[in-house]
Structures are given as structure tokens and as C-alpha cells.
Amino acid sequence: MNSLRALTPARSRVPGRGRVLLSRALPALLLVALVGCAGFVKNAETVLQTAPAMYDTAMTFAEQNQSKLSRETLTKFEFVRVQFPPAYRAFDSALAAYIKSGSKDPAEVQALMDEVNRLITQLQALCVLNGGPDLGAKK
Amino acid sequence: MSEPKKINPILVVLIGQAINMAARAATGGTLAIPDAVPLVQSLVDALGRATLETDEERAQRRVETEAIFAKHSTPLVPEVNP
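Line order of the protein sequences matches chains A and B.
With numbering that gives the first Met the number 0, letter number 13 in the first sequence gets 12, and the count goes up by one each step, no holes.
With numbering that gives the first Met the number 0, letter number 44 in the second sequence gets 43, and the count goes up by one each step, no holes.
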């Protein structure tokens, strides 16, 4: 019996390489996921902090160049001028409610943030196409 | 500071246990992290508060933003009355 036991290879206590990698990667993945959840709030707050200054710069440009800009361009600026404030307020309120409630679904806030981003992108394009300031430039 | 985000405590326990099991599996049982659950809870608490703005800063930003909106309240295109 002893001789048979000696011939049988002992079961290795060393786990497979894939298993080791997976088990080491798991905590890292979990941390990344958790940081990702917090990152959404930070990103949204960054948009809330930077968007008004961009809106201000673009609108100031439009006002100062009202006589030079075409009616079509002014109409586009006017559209954003009217649309931006309520979109911004809705996004701001939704984010505050999201943080307070501890909700796990940021879809609604994301949609409102996308709308604010869309309007800012539109303003940026209008400024660039009409020789205005670069809204993305750091001051 | 804003109210911290809440996370399901069951999820915290599961994540903590997963980290503990992963550590044991990775080291062949020589290392265990029995405190993983409270560690994850602390991490979640810290991340939940990870907002850039305090309530005072948010209020200040809103005041400044409303001032910007008021500054640009004049229509760029004169309204056309039919």
C-alpha cells in the first residue's frame, strides 16, 4: 500500500495560473467598478461647473457680434439661449436628487447631462464656424 | 457635505467575502482578509461622499449660474409679430 502511495503523485496545492490571475484581478475589478460609480457624480459635477462659463462666453460672443452674424446663425444661438437654462436646471436638480437618494440608476441624470452636453457642443460649433472663441480652451 | 450614498449592506458583505475568498485562493490559503467587509463598507462610504462640491459651493454655483442666465435674457433675434 505504501509503495502504491509513493508512486501516486501528490495533489498539487498550487492553484492554476488562470485561477491565480482571476482571483487577483477580481478585487481590482470590484474597486474599478466602485470608483466608476463615484466617478459619474464627479463627472456630472464637472459638467455643471464648466458649462455655464462656456454658455456665457458663447452668448457674449453672439451679443457682441449680433450685427455681423447672419440671421440664421443668430436664430441657432437664440435656440440654445432659450433651451440651455431649463436643461441645466433640470440636470442640476436631478443630480442633487440622485446623490441624496442613493439611487443606483443614473440613466435619467445621464440623459439630462447628455442634453446639456449636446447644447454646449452646438454652441461650440457655432462659435468655431463663425470665428468665435474656443469654448474648450482653458482660461 | 452631501448626505452619503447608501449601498445595500448585503452587497457589501458579498463583495467583502469575495475579496476574502479571492485573497485566500490567490495565496493558497496562507492569507485571508477577514476584515474585508468593514474595509469595503469604509471604501463605499468614502466613495459615496466623493462629490466635488459641498452644499455651500453648490449654492454659490447656482447663484452665479442664475446671474449668467439673467445676463443673457435679451433675445438675439427680434420677435416677429404676425
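Hints listed in this document are in silico derivations from the structure and should not be mistaken for laboratory results.
Model, not experiment: these values are computed from the prediction.
Treat the hints loosely; a few may be bogus.
Cross-link-like lysine to aspartate or glutamate pairs, in silico, DMTMM-like; alpha carbons within 25 Å at most [unchecked claim]:
(1) Lys103(A) with Glu65(B)
(2) Lys70(B) with Glu107(A)
(3) Lys41(A) with Asp54(B)
(4) Lys41(A) with Glu65(B)
(5) Lys70(B) with Glu114(A)
(6) Lys41(A) with Asp34(B)
Reference excerpt, derived from the structure (chain B facing chain A, CB under 7 Å, subset only) [said to hold, decoys possible]:
(7) Asn19
(8) Glu52
(9) Val62
(10) Ile67
Built from N, CA and C at the ideal position, the CB exists for glycine as well.
Given the hinted pair Lys70(B) and Glu107(A), is their Cα-Cα distance within 25 Å? Distance ~29 Å between Lys70(B) and Glu107(A) Cα, so the pair is violated.
Classify the hint on Val62(B) as holds or violated, based on whether any CB of chain A lies nearer than 7 Å to its CB. With a closest approach of 11 Å, the Val62(B) hint is violated.
Run the distance test for Lys41(A) versus Asp34(B): straight-line Cα separation, threshold 25 Å. 29 Å, violated
Given pair status - Glu114(A), Lys70(B), alpha carbons within 25 Å: Roughly 22 Å between the alpha carbons, so the hint for Lys70(B) and Glu114(A) holds.
Distance restraint between Lys41(A) and Asp54(B), which requires alpha-carbon spacing of 25 Å or less: 14 Å, holds
How about Glu52(B): closest beta carbon in chain A under 7 Å, or not? Nearest chain A Cβ about 6 Å off; hint holds.
Minimum Cβ distance from Asn19(B) to chain A below 7 Å? Hint violated; Asn19(B) Cβ to chain A Cβ min 10 Å, cut 7 Å.
Holds or violated: Lys41(A) to Glu65(B), with C-alpha atoms at most 25 Å apart: Distance of about 21 Å is within 25 Å: holds.
Pairwise hint evaluation, Glu65(B) against Lys103(A), where the allowed Cα distance is 25 Å at most: 29 Å, violated
Does the interface hint hold: is Ile67(B) within less than 7 Å of chain A, judged Cβ to Cβ? Holds - the Cβ of Ile67(B) comes within 7 Å of chain A, reaching about 5 Å at its closest.
In summary, the structure is inconsistent with hints 1, 2, 6, 7 and 9 from the numbered list given earlier, while agreeing with the others.
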